[in-house]
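Colleague: Which chain is which? The protein sequence lines are A and B, in order.
Once you know that position 191 of the first sequence is 191 in my numbering, the rest is easy, because the numbers rise by one and skip nothing.
Once you know that position 63 of the second sequence is 63 in my numbering, the rest is easy, because the numbers rise by one and skip nothing.
Source of the hints: derived by calculation from the structure; they are not laboratory data.
Model, not experiment: these values are computed from the prediction.
Treat the hints loosely; a few may be bogus.
[What the hints assert, rightly or not] Just a few of them, taken from the derived set where beta-carbon distance is under 10 Å, the chain B residues facing chain A:
| id | residue |
| --- | --- |
| 1 | Gln64 |
| 2 | Ala79 |
| 3 | Ala92 |
| 4 | Asp101 |
| 5 | Met152 |
| 6 | Val154 |
| 7 | Pro155 |
| 8 | Lys176 |
| 9 | Asn180 |
| 10 | Gly183 |
| 11 | Pro186 |
| 12 | Met264 |
| 13 | Ala322 |
[Unchecked claim] Below, in silico cross-link-like pairs of lysine-lysine (DSBU-like), each with a Cα-Cα straight-line distance of 30 Å or less:
| id | chain 1 | residue 1 | chain 2 | residue 2 |
| --- | --- | --- | --- | --- |
| 14 | A | Lys45 | B | Lys34 |
| 15 | B | Lys194 | A | Lys175 |
| 16 | B | Lys270 | A | Lys198 |
Backbone N, C-alpha and C fix where the C-beta goes; we use that ideal spot for every residue, glycine too.
Chain by chain, the residues:
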Amino acid sequence: MEKMPKWADVLLIPLISLVIAFALSGLVIVAIGEDPVAAVSLMIKGALGSTYGWGYTLYYATNFIFTGLAVSVAFHARLFNIGGEGQATLGGLGVAMVCLYVPWPHWSMALPAAMVAAALFGAAWAAIPAWLQAKRGSHIVITTIMFNFISAALLNYLLVNLMRPPRSMDPATAKFPEATHLPTLHDMLAPIGINFSKAAPANISLLFALLACVLVWALIWRTRLGYEIRAYGQSERAAVYAGISPVRITMLAMLISGALAGLMAINNVMGEAERLVMNAPEGAGFIGIAVALMGRNHPFGVLLAALLFGFLYQGGSQVALWTSIPRELIVVIQALVILFTGALDNMVRMPLERLFLSLRKGKS
Amino acid sequence: MTLMRTFLGAAATLALGAGVALAEPALIYDLGGKYDKSFNEAAFHGAEKWAQETGGKYLEIVLQSEAQREQALRSFAEAGANPIITTGFAMASPIEEVAPDYPDTLFVTIDGWVDMPNVLTIGFTEHEGSYLVGMMAAKASKTGTVGFIGGMDVPLIRKFACGYAQGVLAANPDAKVISNMTGTTPTAWNDPVKGGELANAQISQGADVIYAAAGGTGVGVLQTAADAGILSIGVDSNQNHLHPGQVLTSMLKRVDVAVYDVMMAGDEAKGGFLTLDLAAEGVGYAMDEHNQNLVNDDMIAAVEAAKAQIIAGEITVEDYGATSTCAVLKF
Chain A
1 MEKMPKWADV
11 LLIPLISLVI
21 AFALSGLVIV
31 AIGEDPVAAV
41 SLMIKGALGS
51 TYGWGYTLYY
61 ATNFIFTGLA
71 VSVAFHARLF
81 NIGGEGQATL
91 GGLGVAMVCL
101 YVPWPHWSMA
111 LPAAMVAAAL
121 FGAAWAAIPA
131 WLQAKRGSHI
141 VITTIMFNFI
151 SAALLNYLLV
161 NLMRPPRSMD
171 PATAKFPEAT
181 HLPTLHDMLA
191 PIGINFSKAA
201 PANISLLFAL
211 LACVLVWALI
221 WRTRLGYEIR
231 AYGQSERAAV
241 YAGISPVRIT
251 MLAMLISGAL
261 AGLMAINNVM
271 GEAERLVMNA
281 PEGAGFIGIA
291 VALMGRNHPF
301 GVLLAALLFG
311 FLYQGGSQVA
321 LWTSIPRELI
331 VVIQALVILF
341 TGALDNMVRM
351 PLERLFLSLR
361 KGKS
Chain B
1 MTLMRTFLGA
11 AATLALGAGV
21 ALAEPALIYD
31 LGGKYDKSFN
41 EAAFHGAEKW
51 AQETGGKYLE
61 IVLQSEAQRE
71 QALRSFAEAG
81 ANPIITTGFA
91 MASPIEEVAP
101 DYPDTLFVTI
111 DGWVDMPNVL
121 TIGFTEHEGS
131 YLVGMMAAKA
141 SKTGTVGFIG
151 GMDVPLIRKF
161 ACGYAQGVLA
171 ANPDAKVISN
181 MTGTTPTAWN
191 DPVKGGELAN
201 AQISQGADVI
211 YAAAGGTGVG
221 VLQTAADAGI
231 LSIGVDSNQN
241 HLHPGQVLTS
251 MLKRVDVAVY
261 DVMMAGDEAK
271 GGFLTLDLAA
281 EGVGYAMDEH
291 NQNLVNDDMI
301 AAVEAAKAQI
311 IAGEITVEDY
321 GATSTCAVLK
331 F
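I would like the entire structure built from these sequences, with the hints used as guidance.
Modeller: Given below as C-alpha cells:
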C-alpha cells in the first residue's frame with residue numbers, strides 16, 4: 001500500500017518545500033531591512049508577469065534543460081558528469097566555427113549544422129574523461145572537473161589570440177552573420193497573433209530542448225541501449241554477467257551526455273549572444289547538476305526543475321535591478337530552494353506521510 | 001521598493017506626455033562586482049561623491065550573467081534613466097544593440113568602444129600610466145628584475161603589461177620583466193591566494209618590485225610582497241595605504257572622476273569619444289604620505305620628464321589595444 005496519494009508525492013511535497021524556502025528567504029530579507037513581500041511579488045511579476053519576463057525565464061530554462069538532461073543521462077549509468085560546463089563551452093566553439101566560417105544562406109540550414117557541431121564538440125570533450133574512466137579507472141568526477149578548466153583555458157587562448165577581430169579589446173568573436181540568427185519566440189508567435197516581447201532572448205532552441213526531453217525519455221526507457229545503461233548503473237557486476245560491456249556503456253553514456261551539454265550552445269551562443277564570448281555557459285553546466293537531482297533524473301522532472309531555476313534566475317535579476325537587495329542574497333534564496341527541494345526532501349516528506357497515514361486510519 | 005515606485009511614477013508621468021526628462025542616472029557594474037577594491041569600486045566612489053554633493057539619487061545594478069547586460073540596459077532606458085553609465089569593455093556590444101532603440105538616452109561605456117550619436121565612449125591610456133610606474137619600478141629595483149601580475153589574460157591587461165615593460169626598459173635597458181596572468185576564468189579577478197602564489201614564484205626568480213593589475217587578486221599580491229619585504233605597485237584606485245611604506249606607488253585610472261563628471265553633466269552630457277590620458281590626468285601615479293619615503297627625487301624627476309615627453313608626443317608608448325602586438329614583451 002502506498003503511504004500517500006501520488007498527487008501529494010508529485011505536487012504537494014515540492015510545493016511545501018518551496019513555501020518553506022521562500023519563508024526563510026523572507027526572514028533573511030527582513031533581517032537586512034527590506035520588504036520581503038514586495039521582493040517576492042517583484043520576483044514573480046518580473047519572471048512570469050509579462051511575455052518579456054517569460055522570454056527570459058524560458059531562455060534560462062532552455063539552457064538548464066540541456067545541461068540537466070546531460071547530467072541525468074550519465075547518472076543513469078551512475079557516472080557523475082560534472083563537466084557540463086566545459087562540454088557546453090566546447091559546444092559553443094563548434095557553433096561559432098559553423099556560423100563564422102561557413103556562408104549560410106538561411107538559419108534553417110545553419111541550425112542543423114550548428115547542432116551537429118555543438119553535439120560533436122561537446123561529445124568529444126566528454127570522450128576523453130569517459131575513456132580514462134572506462135579504460136584506466138580515473139575517476140570521472142575528477143577528470144570532468146579538470147576538463148572544465150582546460151576548456152576555459154583553451155577558449156581563452158583561441159579568443160584572445162586567434163578568433164578575436166583585430167583591434168577589438170573584447171575577447172570575443174565577431175558577431176555571427178545575419179543569416180544565422182535564430183528566430184525568437186517573438187518571430188515565431190507573431191504569425192499566429194500572439195504579441196510576444198521582442199527584447200526577450202528565448203528562441204527556437206526551446207523547442208529543441210523539449211524535443212530532447214522526449215528523446216532522452218525514449219532512449220532511457222524505450223530502447224535497448226537505455227536498458228543497458230540503467231542495468232549498468234544499478235549493478236555493474238550483474239550487467240557484466242548479462243553480457244553488457246562496461247567500457248561500451250561508459251563511453252556511450254558519456255558521449256550522449258556531452259552531446260546534450262554541448263547542444264546548449266545553440267541557445268546561449270547562437271540564439272542569444274550571436275557571438276562567442278568567454279565563459280559563455282556561465283555556470284549552466286553546474287546548475288544542470290541541481291536540476292537533474294531535483295528532477296530525479298527523469299526528463300519531465302528535469303523540465304520542471306529547469307523552469308523553476310529559470311524563474312529564480314530571471315526573478316532574481318529583477319529584484320537586483322529594482323531593489324537594493326544585493327545580488328549575493330539572491331544567490332542565498334536560490335540556494336535555499338535547492339536545499340529544501342533537493343537535499344532536505346525527507347524533512348517535508350516524513351511528517352506528511354505520517355499525516356496521510358493517520359488520516360487513513362481515522363477513516364477506516 | 002521606493003525606487004521602484006519612484007520609477008513607475010516617473011514612467012507614468014512620461015507616458016502622460018509631461019515631457020519632463022528625468023535626470024536620474026543609472027550605473028551598471030560589470031561581473032567583477034561592486035566592491036572589487038579597484039575598477040568597479042572606483043566607479044561607485046565617483047557616483048557616491050556625486051550623490052553626496054548634489055543629494056541626487058542613482059540606480060545601480062551589479063551584473064550576474066552575460067544575458068543580463070542587454071536586459072539591464074533596456075530596463076533602465078525604459079524607466080527613463082539618463083545617462084546610463086556602464087563599466088567594462090564587455091558592455092560595448094550590448095550597447096550597440098540597445099542604443100538605437102532609445103535615441104534620447106545617453107549611454108556611457110567606460111573601456112568599451114561604440115561609435116553612435118547617443119553613446120559616450122570613455123577610454124583611458126593605461127599603457128602610458130603603466131609606463132610611468134614601470135620606470136619607477138626599474139629605478140627602485142636592486143636586482144634588476146621586476147614582475148607583472150595580471151588578472152585574466154585579456155587584451156586590456158596586456159595593454160597594462162606592455163606599457164609597464166616599456167617603462168621598465170626605458171629606465172633600465174638591462175632589466176628583466178617577468179609577466180604572469182592569474183587565470184583564464186573570471187575568478188582570476190578575485191583570487192588573492194593565487195595572486196600571492198604567483199608573487200612568491202616571481203620573488204624566487206629575483207623580482208623585487210611587482211606590479212599587480214588584477215582587480216581583487218592584486219590584494220593578495222600586495223600582501224605577499226609586503227610579507228616578503230619587497231615592493232609592490234597597486235592599480236586603478238590608490239592602494240598605497242594598504243601596506244604603508246611597502247607599496248611603491250599605484251597606477252591611477254580615474255574611473256571615479258569619469259563617472260562623477262558624467263553624472264554632474266547629467267542631461268548636458270553628449271555622445272562622442274573621450275580619452276582620459278596623462279594630459280587630462282585620467283591616468284597617473286599616486287604619491288601620498290604612505291610612499292613618500294620610498295620614492296626619491298631622482299625617480300620623480302625621471303618620471304615627470306617622461307610624463308612631459310609623452311604629453312608633448314616626444315615619447316610614444318606602444319598601445320597593445322591598437323596594435324595587438326608588443327615589441328618588448330611576449331605573451
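Colleague: State for each hint whether it applies.
Modeller: Hints, one by one, checked against the model:
1. Gln64: holds, 5 Å
2. Ala79: It holds, given that the least Cβ distance between B/Ala79 and chain A is near 9 Å, below 10 Å.
3. Ala92: Since the shortest Cβ distance to chain A is 6 Å, the answer is holds.
4. Asp101: holds, 9 Å
5. Met152: Cβ of B/Met152 sits 7 Å from chain A, so the hint holds.
6. Val154: Constraint on B/Val154 satisfied, holds at 5 Å.
7. Pro155: holds, 5 Å
8. Lys176: violated, 24 Å
9. Asn180: violated, 14 Å
10. Gly183: Holds - the Cβ of B/Gly183 comes within 10 Å of chain A, reaching about 8 Å at its closest.
11. Pro186: holds, 6 Å
12. Met264: violated, 23 Å
13. Ala322: Holds, because the Cβ-Cβ distance from B/Ala322 to chain A comes to roughly 7 Å (cut-off 10 Å).
14. A/Lys45 / B/Lys34: Holds. A/Lys45 to B/Lys34 sits at ~26 Å (cutoff 30 Å).
15. B/Lys194 / A/Lys175: violated, 34 Å
16. B/Lys270 / A/Lys198: Holds - the C-alpha atoms of A/Lys198 and B/Lys270 are around 28 Å apart, at most 30 Å.
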